[in-house]
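Keeping their order, the protein sequence lines are chains A and B.
Just so you know, we're using my numbering here: the first sequence kicks off at 1 and counts up by one.
Just so you know, we're using my numbering here: the second sequence kicks off at 1001 and counts up by one.
Incorrect hints may have been included.
Pairs of lysine-lysine, DSS-like flavour, derived with a Cα cap of 25 Å [stated by the list, open to error]:
#1 B:LYS1077 with B:LYS1224
#2 A:LYS4 with B:LYS1224
#3 A:LYS4 with B:LYS1101
#4 A:LYS258 with A:LYS227
Cβ-Cβ distance ranges computed for the label pairs, FRET-style [what the hints assert, rightly or not]:
#5 B:LEU1020 with A:ALA191: 46 to 54 Å
#6 B:LEU1190 with A:SER52: 49 to 57 Å
#7 A:PHE142 with B:ALA1065: 23 to 31 Å
#8 A:ALA19 with B:SER1180: 21 to 29 Å
#9 B:ILE1257 with A:LEU158: 55 to 63 Å
Read the hints as simulated data drawn from the structure, not as lab findings.
Beta carbons: idealized from backbone N, C-alpha and C, even for Gly.
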Amino acid sequence: MKEKFLRPLFFVPALVLLAAFVIYPVVNTVWLSFLSPDGNFVALDNYADVLSQQEMVDLRGFQRGFPYGALIHNFMWLVIHLPLTVLAGLALAILLRGVRGGSIIKSIVFLGMVTPMIVGGIILRFMFDGSIGIVPGIARLFGGSPETLTAYPETALLSLILGSLWLWVPFGMVLYSAGLETIPSEVYEAAMIDGAKPLSMFFNITFPLLRPITEVVVTMTFLWDLKIFDVVYAATMGGPGGASNVLALQMYFYAFRKFDFNSAAVVACVLMLLTTAVAAPMMIRSAREAR
Amino acid sequence: MRRKGLTQVSRDSLAWLIGLVWIIPFLGIFMAAIRPLGEIIHGWWRFESFTPTLRNFIAAWNHPAAPLSQGIVNSLKVAVPGTVVPLLVAAIAAYGFARFKFAIKTYLFLTIVMLMTIPQQMIAVPIFQIMRNLGLVDTPLGLVLVHSAWGIPWILFFMRNFLTTLPIEVEEAARVDGASDLRVFFQIVLPMCIPALVSSAVLQFMWVWNDFFLALILIYSPDKLLATQRIPLLRGMYHIDWGILTAGTMLVMLAPILVFAFLQRYYVRGMVGWVSK
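My request is simple: use the sequences and hints to build the entire structure.
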């Protein structure tokens, strides 16, 4: 029984690492966001200041087009990328289930997941390049203009958002595929005997049973869209003229280009508020379930 | 029945069309990497002349400003310990959470799980200062420590879920025979955890290998840059040298693709396992 005193040692290495390299820096960043550059406590002044900067929110965008500011760009990312990812992931999972060679296609689609995002950004830039890229190449077949899509303010952000479907839809597909396998075929057989049509089977059986998966896919995609950095860094560096800037990149610019650590801390805290608010319900639920 | 056969054919072709769409970008960088720039400048899909060459790969490998050979070695120096350390540390703690009883256990566990939602931007500025004070800025060890800490919450969560599915009887029998907690963990529990450990290792390795942001902040000497950090440096000064850049991206992707090819099952299980039970 003397042994029991040693049990805290099981937690010590993990807690020390977390305290030193996660919790302390996080608290420090929150604190920094309340300080002026010369170290005085200014409460929420920095937040008011940063959120009124053009880099963050640029309302003139609604009259003249891009840029709209990093915060609004991230929201655009969410509005466009999130629903398309969920729908495409589910559609692919259902389609590939009953198809010859479906597992091979799944492996191909899944390659996008293991690609480093910095490489993903380069590949998107490559796909959208005016002379060498295939997207303008196809557009040219239909009489479009052969421009580099990531180099123009009007198209830069939208190209990245739509292009990044290629990188992230695989995540939804994998989760939905695993979810579909857990639905017993008897459920469908029973419904078929009752004369259910395929479409009503989808809305009354498949989709409700996949609800937990949908929650996970939506939450993780939310986080992915909010935290997007490498792809934009490699493809456009937030350009041209800030037209594809996002929060994580703006935080990097504040901290390591302008050395304005307080503004950088504000952007990081805004980002954390958003991610935590979105992810907390899922995390708490899955931790409870696992108990 | 005939109609069913027809829909099957159209489903098959639609599926393969989608597979094609997904592989075209990879095909594109492959074509750009193995051909001279002059041949692909009007589109890599044109084959009026086709002279495959390894020149771009060699140029990226020995690039004067950012040789990828060095970058890949540097990345391994971070990714291997950055996988092993958090795996061990988190597995030990996960065992504690799965088996021991103590007052604040649930709250402690929830707190650690919640750390998963924090974006890396939240530690960027202080972590640089901490590492500078420790003398670990611009060293592989500093980055390994940050990746280890960063990997603990999700590995711990994943391992604990796995541990709760293991039968407890074997452990109890060993305890009756007088084995200590540590012995039970290392000799009985750890070997049973191997599938879960492999899944965690695969995901953590990919995560660390593919990381760009933390490396960007902590490593800056040209000879210490990791593989992912060298990719943007291969672009070229005045125009983008697509040949070298695409060859470089393929070299950097080699490690994750090999891991994926051989351990796909574990990768998928890890990905599915920690988000849904």
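Checked hints:
no.: 1; hint: B:LYS1077 with B:LYS1224; result: holds, 10 Å
no.: 2; hint: A:LYS4 with B:LYS1224; result: violated, 45 Å
no.: 3; hint: A:LYS4 with B:LYS1101; result: holds, 11 Å
no.: 4; hint: A:LYS258 with A:LYS227; result: holds, 21 Å
no.: 5; hint: B:LEU1020 with A:ALA191: 46 to 54 Å; result: violated, 34 Å
no.: 6; hint: B:LEU1190 with A:SER52: 49 to 57 Å; result: holds, 54 Å
no.: 7; hint: A:PHE142 with B:ALA1065: 23 to 31 Å; result: violated, 40 Å
no.: 8; hint: A:ALA19 with B:SER1180: 21 to 29 Å; result: holds, 27 Å
no.: 9; hint: B:ILE1257 with A:LEU158: 55 to 63 Å; result: violated, 29 Å
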